[in-house]
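Chains A and B, in that order, give the protein sequences. For the first sequence, our numbering begins at 94 and goes up steadily by one. For the second sequence, our numbering begins at -14 and goes up steadily by one.
Note that these hints are calculated values from the structure, not bench results. Honestly, I wouldn't trust all of these hints.
Derived pair list, reagent style SDA-like, types lysine to any residue, alpha-carbon separation capped at 25 Å [said to hold, decoys possible]:
1. B/Lys107 / A/Ala486
2. B/Lys208 / B/Asp193
3. A/Lys110 / B/Asp193
4. B/Lys112 / B/Trp72
5. A/Lys110 / B/Trp72
6. A/Lys110 / B/Glu138
7. B/Lys107 / B/His129
8. A/Lys110 / B/Thr63
9. B/Lys208 / A/Lys110
10. A/Lys110 / B/Tyr130
Label-pair ranges, simulated between beta-carbon atoms [to be verified]:
11. A/Asn96 / B/Ser(-9): 29 to 37 Å
12. A/Leu365 / B/Ala115: 15 to 23 Å
13. B/Asp0 / A/Glu489: 20 to 28 Å
Just some of the chain A residues that point at chain B, by a computed CB distance under 8 Å [what the hints assert, rightly or not]:
14. Ala394
15. Gly398
16. Ala484
Computed from a predicted model, the values in this text were never measured in an experiment. Even for Gly, the Cβ is constructed at its ideal location relative to N, Cα and C.
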Amino acid sequence: MLNWLSQISAITLANLKTLPERRGAAIAAAVGIAGVVTVLVGVLSIAEGFQRVLAVSGSPDVAIVLRSGSDTEMNSGLTHEDTRIIADAPGLARNAAILPLASAELFVVINLPKRSTGTDANVPLRGVSPAAFDVRGNLTMVEGRRFEPGKNEVIVGVGAARQFSGLDVGRTVRVGQTEWTVVGVFTAGGGVAESEVWTDAAVLQPAYHRGDTYQSVYAKLISAAALHTFTDALTTNPALSIKAVRQSDFYAEQSTLLVSFVKGIGITIAALMAVGALFGALNTMYSSVAARTREIATLRALGFGSSPVVVSVLLESLALALAGGVLGAAGAWLAFDGYMTSTMNWQTFSQVAFAFRVSPALLMQAILWAAMIGVLGGLFPAIRAGRIPIAAALRET
Amino acid sequence: MTTDQSPLIRIAEVDKTYRRGAEEIRVLAGLSLTVQRGEFLALMGPSGSGKSTLLNLLGGLDRPTKGTVEIGGERIDTLSDRRLAGWRARHVGLVFQFYNLLPVMTAERNVELPLLLTHLSKAERRKHVATAIAVVGLTHRKSHYPRQLSGGEQQRVGIARAIVTDPTLLLCDEPTGDLDRKSGDEILSLLQTLNREQGKTIIMVTHDPHASARASRTVHLDKGQLSAAAPA
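Starting from the given sequences, assemble the full structure and let the hints guide the process.
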């Protein structure tokens, strides 16, 4: 075994040392693989980033109550009476003043120009009740202050403030007939709320002629397990026609469509490029074996086995592919990680701001792709190297 | 291998045919040959007479189509590829016309290659390499790469590599074929010394009567068979 390994290391070392003589082909093959990895990482980091925003948005002990039959807040509607019954349901957490932690909310979409392109995009404007801040729990003002109830004031999430113009503190936003003053900027643990603009629901209702209706109730539960008690109490109440969803499930569901779409595109493009890179690696390794036919035959004549020859050619191909993979992964990480953008969330028809996310798992996945291309590209040349007819190949010049 | 007085090599009724398309080429035709231990045998003959093929059979690099090849009392024509590789590593030293050194390795590392197939420690390997390089008189050039060495020096490295495992049999395929007369003479003297002083059995394929004159016996091949006299 030791003997076998020392054969492999001797041949592999000799192979790798000849790389500079074949640098043109070697670099071309490695760059091809780097390209695959860059595209793969680049596209999948979009999905990862988007998925992460929605994943950190949901808390398991918060329930979102919508009208029965609605999948999103956009097509839901609740009366004032509905929201009052919901706020009285068992399982609901209460604050120090024994008031229920339930926020009846309105969700509308406004148009604002994107900073990057200047084109209008849909930005979610959410009207919330006073309990909203305690229900979310992770809202922090990073600039300015909260809006005052009853006034035409808004606060904006950092993601929205970054992506859309006109949302700086002190500026006014004109929506329909009304002007709203931006009074603060908040963070929400990286979640989707950071892409939203918030105001007092009681002010938003008349501005959008909504009377005394809402679209959803965000309810903080005493525990994650209390959802069943809460849901049962509401769904068995004949006066109500509602459904309650766990917030974490709600957002996970929202991300699936876009994430699987982006992943599908990313993997398809990368797979097509991988086929090209595979032929590059194959070609490089065939010519590498051809260039060393006499050397391989010499080693075989000296008594080296054919399996160490096969393994060493595979290792060379793998080394080349990994070099390309690391190069591509590093490039993708430098180019894409943290790149801020926003995209349409098709479930709410509004923009979600997020950062491309090149996660360690994604890098590992990309390196694995590179390794696979390397092994596949090296396989047939390696087998050919192992089968070189010694006597004939010794005399090749 | 044993150290008795029986012949080292016994080849009996060996045929070797190659197929080229539909054509069958008979390179060796019922050839028999016996070589005693300690002989320095020159194999001569025109191109295509089967010299190199015979040498390949003796080195276990190829197998006969028919007949037996027995070396040191062992039938090598029936060994599997894997066992044959091991047999080569233990018993045969090969010297090539074009040296066949690995260009990316120093002289020292080239000589060490066959020792990687043994169970010797690094220190022991280094000792054997130093001895082999000293025997061919290249101690001062041991850290040079093949491209930094002359043809004669490269062939000395090739010979050091062939003797580093202390094999009984040295097979040399036109060892002076690529060298000038002076370098060639030096290589032949070295082979003679190895034969006389270290008792190596040497079989050398050559075109050169000057080279064969250094051997203790010369056999001529013609059309795959031994011929009695040297061709004109």
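Structure-based check of each hint:
In summary, the hint linking B/Lys107 to A/Ala486 is not supported, as the alpha carbons are separated by about 30 Å, beyond the 25 Å threshold. Between B/Lys208 and B/Asp193, the direct Cα distance comes to roughly 19 Å. Compliance with the 25 Å bound is thereby established for this hinted pair. Proposed proximity of A/Lys110 and B/Asp193 is contradicted: the alpha carbons are some 37 Å apart, above 25 Å. Among the hinted pairs, B/Lys112 with B/Trp72 is consistent with the structure: their alpha-carbon atoms are about 23 Å apart, no more than 25 Å.
Of the pairs offered as hints, the one joining A/Lys110 and B/Trp72 is violated, with about 29 Å between alpha carbons and a cut-off of 25 Å exceeded. Restraint check for A/Lys110 and B/Glu138: satisfied, since their Cα atoms lie roughly 22 Å apart, inside the 25 Å limit. Straight-line distance between C-alpha atoms of B/Lys107 and B/His129 comes to about 20 Å, which keeps the hinted pair within the 25 Å bound. A C-alpha spacing of about 37 Å is found between A/Lys110 and B/Thr63, which places the hinted pair above 25 Å, so the restraint is violated.
For a cut-off of 25 Å, the pair hint linking B/Lys208 to A/Lys110 is broken: about 43 Å separates their Cα positions. Pair hint A/Lys110 plus B/Tyr130 holds up; C-alpha atoms about 13 Å apart against a cutoff of 25 Å. Roughly 31 Å separates the CB atoms of A/Asn96 and B/Ser(-9), a value that falls within the hinted 29 to 37 Å. Separated by about 56 Å at the C-beta atoms, A/Leu365 and B/Ala115 break the suggested range of 15 to 23 Å.
A C-beta distance of roughly 26 Å is found between B/Asp0 and A/Glu489, which places it inside the suggested range of 20 to 28 Å. With 8 Å as the threshold, the beta carbon of A/Ala394 comes within range of chain B, its nearest partner Cβ sitting at about 6 Å, so the hint holds. Checking A/Gly398 against chain B: minimum C-beta separation of about 6 Å stays under 8 Å; hint holds. With its C-beta approaching chain B no nearer than about 4 Å, A/Ala484 sits inside the 8 Å limit, and its interface hint holds.
In the structure shown, a violation is registered for the earlier hints numbered 1, 3, 5, 8, 9, 12, in ascending order.
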